[in-house]
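Student: Protein chains in written order, with this note's numbering: chain A, 1 to 176; chain B, 1 to 176; chain C, 1 to 497; chain D, 1 to 497.
Hints are supplied without guarantee of correctness; some may be wrong.
[What the hints assert, rightly or not] Capping the alpha-carbon separation at 25 Å, the derived lysine-lysine pairs in DSS-like fashion look like this: (1) K74/D - K61/D; (2) K62/B - K77/B; (3) K320/D - K30/D; (4) K77/B - K2/B; (5) K61/C - K74/C; (6) K61/C - K102/A; (7) K262/D - K320/D; (8) K202/C - K432/C; (9) K61/C - K105/A; (10) K61/D - K105/B; (11) K105/A - K141/A; (12) K61/D - K102/B.
Everything labelled a hint here was simulated from the structure, so no lab data went into it. This one's a predicted model, so the numbers in the text were calculated from it and none came from an experiment.
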Amino acid sequence: MKLMRAGDSREIDAEVIARDGNTIRVRIGDRELVADFTPNADGGGILANDGRRYPIFGARRKESIFVSVGPASFEFKPAEAAARRRTRGLAAAEITAPMPGKVLKVLVRDGDLVEAGQPLVVIEAMKMETTLGAESAAMVKHVRVEEGQTVDHGAVLIELSPPPASSGRESAPRAR
Amino acid sequence: MKLMRAGDSREIDAEVIARDGNTIRVRIGDRELVADFTPNADGGGILANDGRRYPIFGARRKESIFVSVGPASFEFKPAEAAARRRTRGLAAAEITAPMPGKVLKVLVRDGDLVEAGQPLVVIEAMKMETTLGAESAAMVKHVRVEEGQTVDHGAVLIELSPPPASSGRESAPRAR
Amino acid sequence: MARRLKKLLVANRGEIALRIIRSARVFGLKTVAVYSAADATSAHVGAADEAILIGPAEAAKSYLNIAAIVAAAKQFGADAIHPGYGFLSERPEFAQATADAQIVFVGPRPEVMAALGDKVAARRIAVAAGVPVVPGIETAEISAAREFAALVGYPILIKAAAGGGGRGMRVVAEASQLETALEAAAREATAAFGDGRIFIEKYLAHPRHIEIQILGDDHGNVVALGERDCSIQRRHQKIIEESPAPGLSAEMRAKMIDAALKLARAAGYTNAGTAEFLVESDNFYFLEVNARLQVEHPVTEMRFGCDLVCEQLRIASGGKVDEPAAPRGAAIECRINAEDPEHDFRPATGTVLHLRVPGGPGVRFDSHLTSGAEVTPWYDGLLGKLICYGADREEARGRLVNALGEFSLLGVTNNAAYLRDIIASDQFRDAKLSTHFIDSFFSGWRIGGPEIDAAIVAALITAGDPQAETGALPQNNNQRRSPWDGLGNFELWGSRK
Amino acid sequence: MARRLKKLLVANRGEIALRIIRSARVFGLKTVAVYSAADATSAHVGAADEAILIGPAEAAKSYLNIAAIVAAAKQFGADAIHPGYGFLSERPEFAQATADAQIVFVGPRPEVMAALGDKVAARRIAVAAGVPVVPGIETAEISAAREFAALVGYPILIKAAAGGGGRGMRVVAEASQLETALEAAAREATAAFGDGRIFIEKYLAHPRHIEIQILGDDHGNVVALGERDCSIQRRHQKIIEESPAPGLSAEMRAKMIDAALKLARAAGYTNAGTAEFLVESDNFYFLEVNARLQVEHPVTEMRFGCDLVCEQLRIASGGKVDEPAAPRGAAIECRINAEDPEHDFRPATGTVLHLRVPGGPGVRFDSHLTSGAEVTPWYDGLLGKLICYGADREEARGRLVNALGEFSLLGVTNNAAYLRDIIASDQFRDAKLSTHFIDSFFSGWRIGGPEIDAAIVAALITAGDPQAETGALPQNNNQRRSPWDGLGNFELWGSRK
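The following block holds chain A by itself, in its conformation from the complex:
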């Protein structure tokens, strides 16, 4: 299956190749690894790989797969779900609110051309200002919010379209 880590636009292509008792053989990209999984009473388990044992736990919720590996926590989404938000030539076709909050500043208008990394909107949440920037060069198709407005998690703040210069070439998405 194809997964994407939340906050990271790279696709991870991974699958279970085989399993035998507690042993699982997995392909991640072009690498293979063999791990042992022992379930715990609490619903999680111990994953042994390469001489190390990790306590793991997992749950699915809506489109996301949440897992923890010791103290590290991860959110994955199947790439199909993530892809819905993407358009050719763009890292993301929409700028969405990473959490509920208040729109403090909108820094662009409809029709603006923006560069990768350029700040688009500032939101305030958890008493912090967070600036959301473009993940790749784009044209601002539609600003959907105004300053002072409160927004929910996942709300679309700005719609983007490919920049006019983009001739169909996939620009490498970059992590913010």
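We have chain A already, so just place chains B, C and D on it with the hints.
Tutor: Just chains B, C and D, lined up with the frame of chain A:
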């Protein structure tokens, strides 16, 4: 509904009379009480009654209703379920293993007449000897285990029938 | 004790409200929780003897609502209010309103708070008491700011004159950034503290942040409970704190304690407070006094074998403070925050799908979290504090690394693995402490490759596990299906087994 | 340290195995867990760096299987074995087998253990060292027993000569009960310790149980870490322990410490051990030495700011013990057991459906439990130890009452509410301590009426709540549906969202 606490053979007759918002009116036997229930994020809640607030939690499993009131934990069974094991004139028609363990001693034989409280069988579990006695006068109908045998939780160890002297009068069940 | 307190209202939320309730109960005090609509199912509400909704989620209308809180205290007959940290804890008008209602405020007197809570006035007191300060000026004016910066040289530090905790703090590296930074800082200061005044300081190159814990009573006694090193900060907010400060000479410690006591006496300080200093080589500079309990107070408690909230309550009851017993061992705290250390620490929210809490000898976890808890965007993202004690720093450090290894939290992005990697690092082991620690050693941190591999395997297992579905979990507390919904059916119980 | 240990095998299970693993990791030691088939999903297995199944559920074939455990240590290259308490911890042949395999045994030498572990030999050492003992005799013979009883008068106490922990202990009130009691005690002693020898003692009327913690190193140093009062016992097993012993005079404490040190030196004792005494008015009598870590060791750790497992490992590495720092404050521990205090403490089993763990300042919870854990009938019913520290006894007591109030465990009958009621009682507050405390004050204990009412309301709510159904929970670990079951379907994930 009619409930019985595990380990206690008295029936509790209780029902919800009314509810209004967070307020619940309950009848227990011939008493009524009014309590407030506020759910917690963890699935439990706070029950406020008579000026005190109790953290409560509940879960059903098989025939049992498990609840906790602060550090106190309770197991209830609906009286119908508990009654299935009873026969007229007997507190219990079967002596069952309260936990998995090993039968150390069988102190009676088929046909024996036993008094309430008389030891019938000794089992060892959790490194402790536990003596199981008759809850009321009875006749030993059938001893189903032998010494040295290991038994599972709930296994029937001894079947009892009403003592020949019993003429249909319900003897008051007593707690062990 | 002069007066016997009977009922304490805790004017706060989250871990600190729960922590205060826990200690108040040790004395047999009854406790009253206040909560906003966003916190109705939160742990501090359940832990108190009584609880009252004081407003909607917005802090300005709930946890910052002085009138509502004082009214709640009166309604329940509370004879004392503990403000915790943040929110109203350093607002003299809250202390005053409490006093006006004949209720004991667990903290310093309003006038002392007013004098010390204001960075500018506090500097004046420090200078008068002979305590060194960092060069600085109070202004939000761009021209005055330019002038000051030219005088002391860039970089300079811009921060809120009111409040503390690093909020609204900004380093300005060059003149061109000055105006934007001033504006943003004033905006955040206004939002956070209702006070847009700005203070500008010379920015030290490699300072350590070291602070002294103070306790003062109504009888004129002031004592110090050693120091805490809080140098490890991100976005100017502390994330790892420890006591003692590694490598601090006995002489420096004595000097700083002496300075803190002088300051406290000069200000007529009572109850718990903290004098913060920057330390660079053999110099220390007074920064500010936090006229309240600090987030990081547990490291002091573990070394001194005391409970600072109990001490606060004793002082508020008219009790005397004694010279503390000699401290013992070492303690380190780290703050587990709802934030993404791989993406510039941006705040995270969500529902706790699973929580595993560390335990055992020398481990303390102060947290209001439970499975099912919502982390909302309304308040700061502190999920819990993990504190470890050891006979020495290495023992405390080893214990904390292991305790973080036992911790796991599913459903809310957090910094636990980041903290573990920092605390396990050679740089932290070697105590290369300065407020630039994160920038110097951990700015581009990413979770390790083997852990990502394990996570991918875990994700594949989870994807294929029908029991892993938690789609039924409520999205937020308002949507939570109440057990009441089913009550009408309870007679059907027999048929649903 | 003379030798640097690298890998420790923990030959135990449950809370103590987890607790030992936690401390071993502080030193960076790798850890190996052993487990029986009944414990495959238990917490100590997941916590270790490596783990190995050593046998079926029956302790005799797993946790008491010396050959399997030593073989496991060799297989994984462990250079040390920690036995915990119970199981093999006081079996000289295990210490010997470990030493024979060139592995360090974390405990005293086999010959010392043999001498002290045997109650009769230990008494001889005590008498020789001038330490007072309770009148007693080793015999399983009914005639000798009768003779002894006639000499000292009934009641008398019958116990296993090997092992400790109160197992197989019986008070015989009159001659008619003697024969049955002797038989049952011998049977249980054989089952528990593989040694049916019996010791009979004069039964004291109102004794307190007070013990002294000892640490000895390989260099001839022996130190004492104060005392613990463990008078509160049910079925001759401790359930509440504290330090310091309330009301114990400094003079008595000094005498008892002196006696314990004499004994330890006379026996050539090394590593951690405990000298147990009965105290009645101004007299104390040596009872036995427990040549291992005690269940109740945490109360000592909290007062002395030390970690006894770390100390054990330092000693096992050839390190020296130092005179401890002065103790501070007070600590109380209670043992949460799977048992029914309303029905003669009969053991309980079950699945943990929900677990709420207390936390915060001065609270320590040592437990291997998690939600979903099975409590099986195979081993003793200790679910966890809750330990609280306070500046004084009242503070520790208040904290422990509150911590028990925060605790809840659904699905396994336990004694938490019973412990809370005892610790909150006037009798405990007033420290009316003797080994008959339970019989005197809490024998007919029942849960309070208001709590039963609340439970009935909770049961009605639960009966009507569709989310409360946990019928899907596994009945036991063997039947547990593994996440593997779904793995074949993982490509269907998209359609199951």
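Student: Hint by hint, work out which the structure violates, then give me just those numbers in ascending order.
Tutor: none
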